[in-house]
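Residue-level listing of the chains:
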Amino acid sequence: MIAAMFTSYPRTLTVVAALLVLLTLAYGGAMDAVYPSLLGVFEWLETTWFGVIGKTWGAAFAFVEAVHLLGLALLGGSVLAGDGRLLGVVLTDVPMQTVVVRTHRVFVFGLSICLATGVFMACGVATKIYYLPVYWFKMLALSAGMLFHFQVRQPLLSHDIQSLNPVVVKMVAVASILVWFMVAATGRWIGFSG
Amino acid sequence: MNELIHNLAIWLDDTEWSRMLHESYYMYNWVESTHVLTLMVSLGMLFLIDLRMLGLALPDVPASRIAERLNLPMLVGFAVMFITGILLFYAVPVRTSQSLWFRIKMVLLAVCAVNAFLFHKRMNESVATWDTEPRAPSRIRLGAMLSLGFWSIVVVCGRFIAYDWFDCDTSPNTLIDIVSGCIDGQTRF
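Chains as they are written, first to last, in the working numbering: chain A, 121 to 314; chain B, 13 to 201.
Only chain B is shown next, with the shape it has when bound in the complex (with noise of 0.2 Å):
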């Protein structure tokens, strides 16, 4: 699998868009800053709603309300991310997709995805018993929290993948090789 991963990101590696990408100084930075900036689009929003429903933001507007309204710019802000995000990918494809922070990010993207589904889908099922309360029932509060915490740490390693402590070049620890996808005599990073 990981040889599968490292063979489709040297193919990647190799096209001439990703190269004239990672080397373009200043459409990288466009995209990296496009991607970076539009946290205030989609995470400022996904957090006002998860602030509503611990009643920490708007308490005395309805819970369905924001969640109805708010939705709409926090998925084009989401979709922005997600285009930029993989254009990054492609700009630099073989050490991100042996970044141990890509790797964690991914998998908790999926995560996140997962409790959006069950937050949206509990909210919708009961949402008229308590839509205009202060707080949530402790159900939908704990999708809030694990939203809030999740979307953080997704944060936390988006940053950390800038930063070279575990690339398959430098990183001594095996266990950590191994969750990287380092492939043994690999030759392109």
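Chain A extracted, bound-state conformation (with noise of 0.2 Å):
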């Protein structure tokens, strides 16, 4: 049975194991040996033209965030509205395929918005995220983003939707909601940290 599982999603299983050492890897002792060491790299990112230009204009850096927040929207729209068409509450009348294949497109431009703009802010800041814990769950929370919406959700959803188990669909459409939600929280809580 076993066999036969890993045979049918052998992304999804491989990618839960990838999250599963990530976890133990992080709650499991291993990040307390690593963590002094990351140290250097992240006083090093506040020396780097992006962790000056954040550390001294603060107008730059409030004006990355309101463009972090921009892809933000970008990416929650996509993400909303893709889940949504999978979860049958929106555009119910545009073929699955469509939306999912088209909605794609614009997940990856908000994802580069972000993650470009996600690097520079962390430079301006880069000392004080580095002991927050909530800065790492969002790390946590936007690699298991990334994994399981590129080696999951769309490996998955290239196939024929319609002959795809819909609770399988349904499924990865709320865990898809859900990771994403995650990522844009623990976000926003290290604004309120430190």
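Bear in mind the hints are in silico, worked out from the structure with no lab data behind them.
In this text, all values refer to a predicted model and were calculated from it rather than measured experimentally.
Treat each hint with caution, since some may be false.
[As the list claims (entries may be wrong)] With a cut-off of at most 20 Å between alpha-carbon atoms, the simulated SDA-like pairs for lysine to any residue come out as follows: (1) Lys175(A) with Asp176(B); (2) Lys117(B) with Ala182(A); (3) Lys117(B) with Ala180(A); (4) Lys117(B) with Tyr37(B); (5) Lys117(B) with Ala186(A).
Join these two chains into a complex; the hints should help.
Okay, structure coming up:
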């Protein structure tokens, strides 16, 4: 049965295994060993151009924060439209495949904006976020989200969606919405911490 | 006018609920987080509609269908943002009412509302002739570009409200003080 499951969902099980390894490393003591050596990297990030600009010009940092939010809006909109369609909540009279394929492009664009601006912002406050647990939660959630989206959701939905088990499709949609909500919520919480 | 707004803000600030909301760490943060995260619903849907008109998203789906089907979740998102926005204002009324960025944001929100009205009016008048085209006619595309631009500036202004660069008790610039509605001799900030 396990062999049959692995044959049916090899990518999904690989991603789940990768996430379990990541969680084990994060909470199983391995992170404690790696964590001190990362401080040097975060201190260096603050000395880069991004770090210096982010620390010196508050207005530049605030502007990039706003662009980060615009990227988040694009990402969120594409996730909610695509997964909402899979759940049968929005755009129900448009073929699933069309919505999924088209919103994926917007998703990649939104994610690219979020990643680029996120790196800039992280450089500006690197030594602060290093000590924030919520920042590491966000990185974990972001890793899970990207792994899930590109290694599970997209490969699965590249097949004819009508031929897939509807329960699996709906579970993928719910998981996608939850993981990206988690990424956004933990990101927001960074602002309240420290 | 500015004195009236200032007095109204002081009256709101003196109410028990305003103080409680402002001083409640978790409730204030929940309200603010909801306000920001609802961007994904409201602006997310709006951007998809605008990008569709520009031919950059879902070009093979009829434009009217995108606009109609995403309208409801977008409006629900805006309703939540509106309510949480009022609560955020209510929690810090004096400083917010004299924030340059808040004032620009309010003007832009009115401009966005007018643009949205004109956009929908023009779209409904002509959509039958171009509904399945990948790109909308130039007038509609202009409306979509203005919508994207104005809402982007609204988000930037909203983010800038958190910063105290031009607050009445810190800003030495006369012009900014006038636009922000700072009052000579005011003791509440």
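Comparing the hints with the structure gives:
1. For a cut-off of 20 Å, the pair hint linking Lys175(A) to Asp176(B) stands: about 16 Å separates their Cα positions.
2. Annotation: proposed proximity of Lys117(B) to Ala182(A) holds, straight-line Cα distance about 15 Å (limit 20 Å).
3. In summary, the hint linking Lys117(B) to Ala180(A) is supported, as the alpha carbons are separated by about 19 Å, within the 20 Å threshold.
4. Under the criterion of a C-alpha separation no larger than 20 Å, the hint pairing Lys117(B) with Tyr37(B) is inconsistent with the structure, at around 25 Å.
5. Taking the CA atoms of Lys117(B) and Ala186(A), the gap is about 13 Å. The hint holds against a cut of 20 Å.
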